[in-house]
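With the sequences and hints as input, model every part of the structure.
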Amino acid sequence: MAPCAVPDDVIPSPPELVCVTGASGHLGTWLVKRLLEKGYRVRATVRDPDDPSKTQILRNLPGAEERLQLVRGQLLEEGGFDDAVYGCDGVFHCASPTEFSFEDPYRDCIEPAIAGTVNVLKSCSKAPTIKRIVFTSSAASARFTQLEDIPEQRFDESSWTDVEMCVREKPHGWPYFVSKTLSEKKAFELAKEYNLDLVTILPTLVTGPFLIEKLPNSVADALSLVTGDKFHHKFIRRISYVHIDDIIDAHIFLYETPEAEGRFIGSSVDASITEVAELVKKLFPKIQLPDNFDYVGEIVPHYMDNSKLRKLGFEFKHSLADMFESGVKCCVEKGLILYPA
Numbered sequence: 001m002a003p004c005a006v007p008d009d010v011i012p013s014p015p016e017l018v019c020v021t022g023a024s025g026h027l028g029t030w031l032v033k034r035l036l037e038k039g040y041r042v043r044a045t046v047r048d049p050d051d052p053s054k055t056q057i058l059r060n061l062p063g064a065e066e067r068l069q070l071v072r073g074q075l076l077e078e079g080g081f082d083d084a085v086y087g088c089d090g091v092f093h094c095a096s097p098t099e100f101s102f103e104d105p106y107r108d109c110i111e112p113a114i115a116g117t118v119n120v121l122k123s124c125s126k127a128p129t130i131k132r133i134v135f136t137s138s139a140a141s142a143r144f145t146q147l148e149d150i151p152e153q154r155f156d157e158s159s160w161t162d163v164e165m166c167v168r169e170k171p172h173g174w175p176y177f178v179s180k181t182l183s184e185k186k187a188f189e190l191a192k193e194y195n196l197d198l199v200t201i202l203p204t205l206v207t208g209p210f211l212i213e214k215l216p217n218s219v220a221d222a223l224s225l226v227t228g229d230k231f232h233h234k235f236i237r238r239i240s241y242v243h244i245d246d247i248i249d250a251h252i253f254l255y256e257t258p259e260a261e262g263r264f265i266g267s268s269v270d271a272s273i274t275e276v277a278e279l280v281k282k283l284f285p286k287i288q289l290p291d292n293f294d295y296v297g298e299i300v301p302h303y304m305d306n307s308k309l310r311k312l313g314f315e316f317k318h319s320l321a322d323m324f325e326s327g328v329k330c331c332v333e334k335g336l337i338l339y340p341a
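Straight run, no breaks: the sequence shown in full-length UniProt numbering ends on number 341.
If you're looking for bench data, these hints aren't it; they were derived computationally from the structure.
Values in this document were obtained by computation on a predicted structure and should not be read as measured data.
There's no promise every hint is true.
Stated by the list, open to error - Below, simulated PhoX-like cross-link-like pairs (lysine-lysine); rule was C-alpha separation at most 20 Å, straight line:
hint, residue 1, residue 2
1, K286, K33
2, K54, K33
3, K192, K122
4, K131, K230
5, K38, K317
6, K186, K122
7, K38, K186
8, K282, K329
9, K230, K286
10, K281, K230
11, K334, K54
12, K317, K334
13, K286, K54
14, K214, K33
15, K214, K329
16, K281, K329
17, K126, K186
18, K214, K334
19, K234, K170
20, K126, K170
21, K122, K185
22, K286, K317
23, K234, K33
What the hints assert, rightly or not - Label pairs and their calculated CB-CB ranges:
hint, residue 1, residue 2, range
24, S125, H302, 34 to 40 Å
25, Q153, Q69, 41 to 47 Å
26, S53, K192, 35 to 41 Å
27, Q288, Q146, 48 to 54 Å
Glycine included, every Cβ here is placed at the ideal spot set by N, Cα and C.
This is the structure we're talking about:
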């Protein structure tokens, strides 16, 4: 049977338009890339659209010339995202402080993260075309609490980081943990107030290749056994990992799946530093690793439960070996490390 002819007066609908905040960051650049590959029109926010050091990677992406618009996003300015989200079908909110050390934790990390969330959600409330907001939170908003309070040491979407404990005990990275926890809670509060469709995704340690030129913090943490940077070893004594491809696909999956609601853990592998060391030995036999890891302290087993996302139909495709091989290859290609073999 011959295909039905499309009448000349029928104009096909243009691809959906989505906004990506924080588009020049590690996750943001990959998200823009994947959305363009899938045929979306993308309006990406950056601090300065005229700064080639922040935008050239985005402008060079396949499909960018036809379907990418770069706009200024003022995270700390009320109304600073009104123009960016106007007319969009969806919003991916990735913009947030990602450093772990701050001169003033409240001024430089916690307050900006919350204020940015408030400003983006308020702007979205003025845009009636928006069908869904996907908010990039972090596993840091779920896993920092007293382990004895967590059944079987298994964290899921019902788990929330204990902000008071973090402020009191000040573990390494505590301002980031607090900022992600409070900004995610604020996002849900505002979504309810403004009647917005919001889902949040909580990535664990995002590993694998990267498009930006500098080494992302998450990759620096993950590959610290390869680079020999012991500063990060305590942080990865027991942690969960996810490949950049998987977490980007999960963002888009949650945007495209109407049944998705609430929070979703974005994690594929749980591993201790000793388990990672065994993998590194196999992949890169010439690397000199410590004889033991007593210096990182007690390694307490705990797990990030990704079953909610998997039950919705999402499939994690990448192994821990994939993450390390592709991450190291990318670092070598960018001249950040020598090939460790």
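So, going through the hints one by one against the coordinates:
1. K286 - K33: Violated: K286 and K33 sit about 35 Å apart, past 20 Å.
2. K54 - K33: Holds, at about 15 Å.
3. K192 - K122: Judged against 20 Å, a Cα distance of about 12 Å means the pair holds.
4. K131 - K230: 45 Å, violated
5. K38 - K317: 18 Å, holds
6. K186 - K122: Distance ~12 Å between K186 and K122 Cα, so the pair holds.
7. K38 - K186: Answer violated: K38 to K186 is near 31 Å, above 20 Å.
8. K282 - K329: Satisfied, since the Cα-Cα distance of roughly 16 Å is no more than 20 Å.
9. K230 - K286: With a Cα-Cα distance of about 18 Å, the restraint between K230 and K286 holds, given a limit of 20 Å.
10. K281 - K230: With a Cα-Cα distance of about 17 Å, the restraint between K281 and K230 holds, given a limit of 20 Å.
11. K334 - K54: Between K334 and K54 the Cα gap is close to 17 Å, so the pair holds against 20 Å.
12. K317 - K334: 25 Å, violated
13. K286 - K54: 36 Å, violated
14. K214 - K33: Given pair K214, K33 holds - Cα atoms ~18 Å apart, limit 20 Å.
15. K214 - K329: 14 Å, holds
16. K281 - K329: 16 Å, holds
17. K126 - K186: With a Cα-Cα distance of about 18 Å, the restraint between K126 and K186 holds, given a limit of 20 Å.
18. K214 - K334: Distance ~9 Å between K214 and K334 Cα, so the pair holds.
19. K234 - K170: 14 Å, holds
20. K126 - K170: Distance ~38 Å between K126 and K170 Cα, so the pair is violated.
21. K122 - K185: Since the Cα atoms of K122 and K185 sit roughly 15 Å apart, the hinted pair holds (cutoff 20 Å).
22. K286 - K317: 28 Å, violated
23. K234 - K33: 33 Å, violated
24. S125 - H302: 34 to 40 Å: 37 Å, holds
25. Q153 - Q69: 41 to 47 Å: 45 Å, holds
26. S53 - K192: 35 to 41 Å: 39 Å, holds
27. Q288 - Q146: 48 to 54 Å: Taking Cβ atoms as reference, Q288 and Q146 lie about 37 Å apart, which means the hint is violated.
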